[in-house]
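K.L.:
Put chains Y, E, D, A, S, W and Z with the ligands on the given structure of chain X with help from the hints.
Chains as they are written, first to last, in the numbering used here: chain X, 1 to 207; chain Y, 1 to 207; chain E, 1 to 207; chain D, 1 to 207; chain A, 1 to 207; chain S, 1 to 207; chain W, 1 to 207; chain Z, 1 to 207.
Think of the hints as simulated: they come from the structure by calculation, not from any bench. Warning: the hint list may mix true and false statements.
[What the hints assert, rightly or not] Pairs of lysine-lysine, BS3-like flavour, derived with a Cα cap of 30 Å:
id : chain 1 : residue 1 : chain 2 : residue 2
1  : S       : Lys-47    : A       : Lys-119
2  : X       : Lys-121   : E       : Lys-119
3  : D       : Lys-119   : E       : Lys-119
4  : E       : Lys-121   : A       : Lys-47
5  : E       : Lys-119   : A       : Lys-47
6  : E       : Lys-47    : E       : Lys-14
7  : A       : Lys-119   : S       : Lys-48
8  : E       : Lys-14    : E       : Lys-48
9  : X       : Lys-119   : Y       : Lys-47
10 : A       : Lys-47    : A       : Lys-14
Protein chains: 8
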Amino acid sequence: DRCGYPEVIYAPGKSLEALNEGFQALLSANQNCLATRCSESQGESLKKNFPGAIYDTVARTVRIQLRDQRAGRVAIVTAGTSDRPVALEALETLRWMNVEAELLMDVGVAGPQRFLGVKHKLTDCDAVVVVAGMEGALPSVVAGWLSCPVIAVPTSVGYGAAFGGVAALLGMLNSCASNVAVVNIDAGFKAAYLAGMIAQRPTKQQS
Amino acid sequence: DRCGYPEVIYAPGKSLEALNEGFQALLSANQNCLATRCSESQGESLKKNFPGAIYDTVARTVRIQLRDQRAGRVAIVTAGTSDRPVALEALETLRWMNVEAELLMDVGVAGPQRFLGVKHKLTDCDAVVVVAGMEGALPSVVAGWLSCPVIAVPTSVGYGAAFGGVAALLGMLNSCASNVAVVNIDAGFKAAYLAGMIAQRPTKQQS
Amino acid sequence: DRCGYPEVIYAPGKSLEALNEGFQALLSANQNCLATRCSESQGESLKKNFPGAIYDTVARTVRIQLRDQRAGRVAIVTAGTSDRPVALEALETLRWMNVEAELLMDVGVAGPQRFLGVKHKLTDCDAVVVVAGMEGALPSVVAGWLSCPVIAVPTSVGYGAAFGGVAALLGMLNSCASNVAVVNIDAGFKAAYLAGMIAQRPTKQQS
Amino acid sequence: DRCGYPEVIYAPGKSLEALNEGFQALLSANQNCLATRCSESQGESLKKNFPGAIYDTVARTVRIQLRDQRAGRVAIVTAGTSDRPVALEALETLRWMNVEAELLMDVGVAGPQRFLGVKHKLTDCDAVVVVAGMEGALPSVVAGWLSCPVIAVPTSVGYGAAFGGVAALLGMLNSCASNVAVVNIDAGFKAAYLAGMIAQRPTKQQS
Amino acid sequence: DRCGYPEVIYAPGKSLEALNEGFQALLSANQNCLATRCSESQGESLKKNFPGAIYDTVARTVRIQLRDQRAGRVAIVTAGTSDRPVALEALETLRWMNVEAELLMDVGVAGPQRFLGVKHKLTDCDAVVVVAGMEGALPSVVAGWLSCPVIAVPTSVGYGAAFGGVAALLGMLNSCASNVAVVNIDAGFKAAYLAGMIAQRPTKQQS
Amino acid sequence: DRCGYPEVIYAPGKSLEALNEGFQALLSANQNCLATRCSESQGESLKKNFPGAIYDTVARTVRIQLRDQRAGRVAIVTAGTSDRPVALEALETLRWMNVEAELLMDVGVAGPQRFLGVKHKLTDCDAVVVVAGMEGALPSVVAGWLSCPVIAVPTSVGYGAAFGGVAALLGMLNSCASNVAVVNIDAGFKAAYLAGMIAQRPTKQQS
Amino acid sequence: DRCGYPEVIYAPGKSLEALNEGFQALLSANQNCLATRCSESQGESLKKNFPGAIYDTVARTVRIQLRDQRAGRVAIVTAGTSDRPVALEALETLRWMNVEAELLMDVGVAGPQRFLGVKHKLTDCDAVVVVAGMEGALPSVVAGWLSCPVIAVPTSVGYGAAFGGVAALLGMLNSCASNVAVVNIDAGFKAAYLAGMIAQRPTKQQS
Amino acid sequence: DRCGYPEVIYAPGKSLEALNEGFQALLSANQNCLATRCSESQGESLKKNFPGAIYDTVARTVRIQLRDQRAGRVAIVTAGTSDRPVALEALETLRWMNVEAELLMDVGVAGPQRFLGVKHKLTDCDAVVVVAGMEGALPSVVAGWLSCPVIAVPTSVGYGAAFGGVAALLGMLNSCASNVAVVNIDAGFKAAYLAGMIAQRPTKQQS
Ligand SMILES: Nc1ncnc2c1ncn2[C@@H]1O[C@H](COP(=O)(O)O)[C@@H](O)[C@H]1O
Ligand SMILES: Nc1ncnc2c1ncn2[C@@H]1O[C@H](COP(=O)(O)O)[C@@H](O)[C@H]1O
Ligand SMILES: Nc1ncnc2c1ncn2[C@@H]1O[C@H](COP(=O)(O)O)[C@@H](O)[C@H]1O
Ligand SMILES: Nc1ncnc2c1ncn2[C@@H]1O[C@H](COP(=O)(O)O)[C@@H](O)[C@H]1O
Ligand SMILES: [Mg+2]
Ligand SMILES: [Mg+2]
Ligand SMILES: [Mg+2]
Ligand SMILES: [Mg+2]
Ligand SMILES: [Mg+2]
Ligand SMILES: [Mg+2]
Ligand SMILES: [Mg+2]
Ligand SMILES: [Mg+2]
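This is chain X alone, in the form it adopts within the complex (with noise of 0.2 Å):
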């Protein structure tokens, strides 16, 4: 494969045909397996032929795990119940990745004092992906306590000018803090895969 980690599949518009070939093919190269954006349908077919799959009806993912050394370490961060979905895809895509993660949700702005009471969890880590929607502050808030790279994902989550995401991504691509770059709304896949290359690199170049 092109890029270091084997290919994910994106579910959307492929037949249950070709989505068990792609696991079948990923499996066949000894890899594991991902892919995202699973409907209900296109999950229970995976889940059902492929014993080791695990379907998560959240994350909207299967995932098939051949190996599980971990290396380096990336936390996600988000406010509320309302962007699980897109950070539970970030987590999953990490653990696909063999990263070490960890989800540390309900740290909001306006509550600043539950940020900091979680602030220790980020300070090791290698990379930090935050997830916001509405107005999208956390990632400028939180990467003002931190020295390595915060991946931004804005979440189609809110009302009125929330604007589908636009408040957020813009908030985000604004951000003050220097250590901020941004992804697609609702891309937290891609967040989570570029958190994951920066956190194996240390291991990567040692070998």
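P.N.:
Using the frame of chain X, we list chains Y, E, D, A, S, W and Z with the ligands on its own:
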């Protein structure tokens, strides 16, 4: 006058004659005077013609204060040097309203320790004005610690996807704090006017 | 709690269990309860489990009122029947805050005689919430007659170039009245929360 | 000519020669002349070459009036000094069409008493042109009292979320009054042309 | 009533009771009735309760015509089958106003020969309503041949960069014809109301 | 070179040295030269250094023509004087490509008789470039009469809701004529390049 | 017919009767038939009534081919499975035009080796249609290797900041390749129609 | 300092005194200095007052380098001359961070052979910064060949539908490559800061 406060003069497009007549009329009615968005020639003209006039070149305001018995207390919070013109317009407006006002600059989102150092100055305010450009996250952060109304002013400061204040405006409208309302981009006058009105209510009602 | 008012529960995405536990916790702390944006099944569940709970199906709120000593006074003004869900969310919020609240519907811009007939009900309010969709001109019209803060709520009511509330939002941000601040589209809760905070300040300060 | 009115010259980008030839051709055809959006040098050139030419530096128009028998009646209503250039372009256009026209300035939304004082001047008009920037609420307010067509012109006056006239444009398109149609931002000429056409119909049809 | 025409009922969000009472009130005042944007159940209810009511399922209107003496003449021009619901709403509105109205469909921009064939039907109109989606070029093309006011209605018909009527709206606002004014997207009622007002002026003024 | 045509030099940001070297290199390769978007100093420099260079100050192009045997035929159609710079950039590009090109100006939408007078000049073209600002309706009108590809160029000409060419761009993308494709706003070069490529295909294929 | 190709039927909003009559009329005129954007019931109806009709359920087209002598050659290039419906609409359109057409799928930007493998199939085309969603970079990449016109179709495929095809549309309009023109989002028909017109020119001109 | 790197000074709006004091403070703390977005007078002042200061007039940066032991390796890739100021700001930032950095210009999308020639210089980088305006396709093309993080910077270079960098920004956010994250338009500093942080991690962790 209509609303309990004398009329304010919005200077753009007004001739020097019209401006001077406006101030003369307010003085004849024994009222404090305020002109906002003054050009340099407008400001100099008013200063020359009215000895007691205070011309703030950064705020772009001219003010004459007949009475100065303060009532109520409002703080103006801002993140950095670039938002100063808008913050000073708010400050001058509050002074003109005879409201006690304090300006707290350099209170940024990404360096939260700076905020924690000034928090005690905000807890006894009747209302707080928060001025912020770029991602506009400061009102959310500040409002989470306070139990009084927060009036947020997005500024046109920033570049690229700041879109002349749109990013900050959207961020503030989507604030996850419940005690935040928003005014137009760069509308330091409006935020201060509303905050001042809130601050003076207890006084007014007792009289 | 952080701000002098108990926490409000934003229902979307919450399980019935989580909602019921939330209400139970608030009652244990001897506080009024409020849940907003409840789905029908959420509303029915809370109503069944908490005998004193008031479920307003148009406002989409569930409320439990432990104390009902009113203080301060806020009016909610709206133009027509379509803005009712947002106006009722505001009304329920003010009741939950123990603020005296009155709803004045059918006050339109294009039929100004209707407004002149109710004007006297607004002049002694501590704050006024104005709810309007389409062109969002009502706050400007109302605020011109008043000397108290006006909190404007744009609604997503309208079609075509109303753009789901954007036209009303922009109209309100550009109001030529100085005593108008704005909250997010359809954010009846936020406007009422801020107006209620303003209305109770004189009381709070005396205590 | 095609439409019953002589051709109007839109000056931007035209050479002085082309402008002067245009006016000469209209005069040879024994018609009133009008050039809009003239730069200073364009205006001065036409004024020097055509003795009867009226150059209005605020409206940025040059006009030659061969006949002046008025028919029909149109009022132009505006809120303040900043919308004057657009309102005057409309006024000059109506004069050129030989329509009786009156300009009513300082009729604001937030100070409705000012409007009630001039209402009687509008009730016998054939059409009313309303010019307004910022939130563009004035047409809705005015149209509610009238039974003739209202042509609304949004102006690019304002700052921040006025977005160069977009807020006013959207407000006017969403007017809850049924007798309001809209033209382009700053298009004083177009609104006046249409209002003048309406005002002259009864006359035209009798001839 | 305020404007010389009876009130029209905008049906969305109204209960069947409210609708029926509205019609009853208009009949008691001896006036023609019109309800727009009726759902199927609303339309069927009115039709059942009021024997003379005409329910047009494509226009989504219900109308009762007490008097039918026609005055004035308006044509409605449209490009194709998809704009029919908006065009028929305009047609029903004009009938309700007792204005003579004709609908000319299938008049497209890209097949101009179709337009040239019907041009003679437009030249004696008092006003013309042009309904068009997609690029909204039809009003410009039509208006170039006419000397009466053209009221343009953009429709939400189209796909992709039609953006739900925005492309048509912008095209119409920027029409290089001077005799075109615009109403909201899909606002067939508003365009017809204004055109009908124009068409009836000569009659009204003679009485 | 890569595509059958020599490289074109896009002048903005290039030093005079770089521009002159670019032309020298093209001449050494025995190719026609073209630079677009030249500033005055860039244009004058090239003209002085290359005796045969043709500098068109309105098109802002500099061109050197080594060969001039024409093949294929393209017409450029435009509505008025303001679109001339873009139309001339297209004309210069076609000359540089050795394609026979004719510019037809003053062909407007609202005065369709002007178009019918020149239609016969378009029917034998291989491709037609249509340049239009404001509402951008001209390509739809023109394309309806033709059986060859039409390449539409929106221009930034216009004011208000023209939004710097966006209205014209959207109009053209939504053209109801099937034989219209679109290039970037003001991209006269690109439209001409594509039209020229089409015009020369028959020739190229026979060789 | 007007343009050398028979009229195509755009199915949305057409009754089954109207559709069948349309096909019957085309057959009577001895022409190939094409209907685009057919719903399932529309497609099934045409297929049942016209024995030779080919209904492609993914392309959503119905086609009847009277003649099949191919002339010219067009390739359709696309990046993945999600853009298939648009690509197949283009393919069916080219077949209906009697143009030789080939569909090359799975040619992505980020895996350029896939493109290099199929490049030789493109170099002898008369025109190439490139269909791409998300960032819309494929036309730029493909066009750099080709010397024929490239017609780019943005698709509404993608999520978040893809904004229903806007990101792809903007990317294609700004392509740094000179030989790219663009059609509306999802307009596979239009791109193919234009490409087919280009491909058949040499043939047409020789006859 | 907060993040392991000394504070960077954002020059706009800062007085010469403030800038000089800022540099003096950094030097006293024995740290490398960097000021970005310097005006000419700001740059000259710093250069005059600090002998070792390097003022890059294209990057608009001033830098003082106390230590120069390089660690890690980052490449900056760009398509053309117009993106140079942003690329050079990134280069200066990496030098200030003591990261080995190389600038590869003229690597365009439409001329892919240019990219293939430099690919070998990218494969051993720790991170790659890609700077691109107009359609912003370059990061997708580059990232497809690499297994390290790619930080994409959209630039405001382009015209028409480039919309000051919005087209490039959207293209990059929708990149179909998984290893791409994005920063604000023209934010060369931010991209470099993040890339530098990634590049130095292995070193930092070993220490
Ligand atoms: N900086 C400002 N921003 C918004 N509104 C203002 C400002 N300054 C004054 N105003 C309002 O403008 C009104 C005066 O406008 P004018 O009659 O044009 O002078 C005042 O009564 C204020 O309501
Ligand atoms: N006016 C223009 N608009 C868009 N692209 C252009 C223009 N002029 C030249 N180009 C393109 O820009 C390329 C040269 O860019 P550069 O290498 O920066 O000089 C040419 O090969 C053309 O593809
Ligand atoms: N999928 C399509 N997208 C855009 N235009 C189309 C499409 N299919 C057909 N057309 C055009 O629509 C015209 C027919 O429209 P209609 O008269 O409504 O059937 C045809 O002549 C084509 O120009
Ligand atoms: N060119 C730039 N773009 C964005 N942020 C910057 C830039 N230069 C410096 N910064 C950030 O701005 C902060 C300093 O802002 P200030 O306190 O206003 O000088 C630095 O710590 C950086 O995080
Ligand atoms: Mg959030
Ligand atoms: Mg800020
Ligand atoms: Mg309303
Ligand atoms: Mg105004
Ligand atoms: Mg249409
Ligand atoms: Mg034009
Ligand atoms: Mg794609
Ligand atoms: Mg570029």
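K.L.:
Starting from the hint list further up, note which numbers the structure goes against and sort them upward.
P.N.:
The structure conflicts with hints 1, 2, 4, 5, 7, 9, although it agrees with all the remaining ones.
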